[in-house]
Amino acid sequence: MASSYKLAYFDGRGLAEISRLLFTLAGVPFEDIRFSAEGEKKEWNQAKPDYPFEKIPQLTVDGHKIPQSKAIERFLARRFGFFGSNELETARVDAFSEQVRDINISYNQARGNDEKIAKFWAEDFPANIAILAKNAPNDGHFVGGKFSLPDVQFYYITSTFFTTQDKVDAVLSKYDNLLKIREAVANNDRIREYVKNRKATPW
Amino acid sequence: MAYRLSYFDGKGLAEISRLLFALSGTPFEDHRISLADDRAEWKKIKHTYPFEKIPQLTVDGVHIPQSKAIERFLSRRFGFFGSSEIETAMIDGFSEQVRDISIAYGQARGNDEKVAKFWAEDFPTNIAILAKNAPHDGHFVGGKFSLPDVQFYYITSSYFDAQDKVDAILSKYDNLLKIRETVANNERIKEYVKNRKPTPF
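Chains as they are written, first to last, in our numbering: chain A, 1 to 203; chain B, 1 to 201.
Worth double-checking, as some hints may not be accurate.
Computed beta-carbon distance windows for the label pairs [as the list claims (entries may be wrong)]:
#1 A/Asn45 - B/Glu187: 45 to 51 Å
#2 A/Gly39 - B/Asn111: 25 to 31 Å
#3 B/Val115 - A/Asn138: 40 to 46 Å
#4 A/Ala122 - B/Gly12: 22 to 28 Å
#5 B/Phe160 - A/Pro137: 37 to 43 Å
#6 A/Lys174 - B/Phe160: 36 to 42 Å
#7 B/Ser34 - A/Asn113: 28 to 34 Å
#8 A/Met1 - B/His47: 50 to 56 Å
#9 B/Ala162 - A/Ala170: 47 to 53 Å
#10 A/Asn113 - B/Gly12: 22 to 28 Å
#11 A/Lys48 - B/Gly61: 46 to 52 Å
#12 B/Ala184 - A/Pro29: 16 to 22 Å
#13 B/Glu113 - A/Ser85: 46 to 52 Å
#14 A/Asp32 - B/Phe160: 35 to 41 Å
I should point out that these hints are in silico values taken from the structure, not numbers from a laboratory. Virtual Cβ for every residue (Gly too), placed ideally from N, Cα, C.
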């Protein structure tokens, strides 16, 4: 019997969007629970007692409550065949995933500080992208010639996450293999349909 | 199965992996790169590392970069990452919750005000969530050792200089103290820590 999935988050992309993209890419239905992010977040505060880790996103799978956006992403990726077919391939997928995540981690350390943000765009982001480009194949996917978690995470962070999209594209334009990976996700029919119908939110 | 773990001569981002090897009783080549002369040795060999970063795990010739991918790979190998998809996800959830401590500290460090807020708010809040969800049997999941047990032990006993601040908050939670203790009192971990050479980090 197919599992039933509930993904709860705020009414925005944020830390849940990669999971929503995974469901979409896999063609798996899920209940997309969204709490209003406005004002005092009353809806969320009222619902909080049902959330053991008092945080969202939370994935509920057949009654089991899974917290933490990255644990959720890896769980879904495993379920949907986006996390490698053997231990070593899984480790490689996981490593690319962590390399992509390093982009968020360094940006979050820089945000709010103009000098650090300038250094992020001038050094950290290009250096990270160069490593990804050095190790990525040229077939539109990071590992195994098929969709895996880092493909989706990379697509998200290089097309939807940053407001300064021009800075992203300037760096990415040097690397055909990475552009190809972003494109392979962006041009997927399910992803295209999902993005076309996605309601616009501030984040 | 031959394992080689390459990192600087220090605990840093490799120590949790070393602890996993120790706990499981698995031998590995503890390849340490000197910090001397402004990391001259690393600068020389960096380009031979595909992601140009350490730690890197080499398993029968295959290179795996990224400390967290390495930790999860080893955990899976050693039976520290759950026996079902759901159990794995819960272990991963606790692991990410523990990791949030390092991430929050990484965002605060260097800024006195932010560090003060970390100790006053972020760290206690995170610990309270762990305490609320952890069982009382000395382990986070399944009544046996799993990755977050080791990560939690490391970050609450070897990572921070301000150990007193850590202990002040932890002292409120018997179940968490028990988890840290279960790792600390493990014979293999005790032996490993006893023989571990002191390093600057």
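Here is how each hint holds up against the structure:
{"no.": "1", "hint": "A/Asn45 - B/Glu187: 45 to 51 Å", "verdict": "holds (46 Å)"}
{"no.": "2", "hint": "A/Gly39 - B/Asn111: 25 to 31 Å", "verdict": "holds (29 Å)"}
{"no.": "3", "hint": "B/Val115 - A/Asn138: 40 to 46 Å", "verdict": "holds (45 Å)"}
{"no.": "4", "hint": "A/Ala122 - B/Gly12: 22 to 28 Å", "verdict": "holds (26 Å)"}
{"no.": "5", "hint": "B/Phe160 - A/Pro137: 37 to 43 Å", "verdict": "holds (41 Å)"}
{"no.": "6", "hint": "A/Lys174 - B/Phe160: 36 to 42 Å", "verdict": "holds (40 Å)"}
{"no.": "7", "hint": "B/Ser34 - A/Asn113: 28 to 34 Å", "verdict": "holds (33 Å)"}
{"no.": "8", "hint": "A/Met1 - B/His47: 50 to 56 Å", "verdict": "holds (52 Å)"}
{"no.": "9", "hint": "B/Ala162 - A/Ala170: 47 to 53 Å", "verdict": "violated (41 Å)"}
{"no.": "10", "hint": "A/Asn113 - B/Gly12: 22 to 28 Å", "verdict": "holds (24 Å)"}
{"no.": "11", "hint": "A/Lys48 - B/Gly61: 46 to 52 Å", "verdict": "holds (49 Å)"}
{"no.": "12", "hint": "B/Ala184 - A/Pro29: 16 to 22 Å", "verdict": "violated (46 Å)"}
{"no.": "13", "hint": "B/Glu113 - A/Ser85: 46 to 52 Å", "verdict": "holds (48 Å)"}
{"no.": "14", "hint": "A/Asp32 - B/Phe160: 35 to 41 Å", "verdict": "holds (39 Å)"}
Checked against the numbered hints given earlier, this structure breaks hints 9 and 12; the rest are met.
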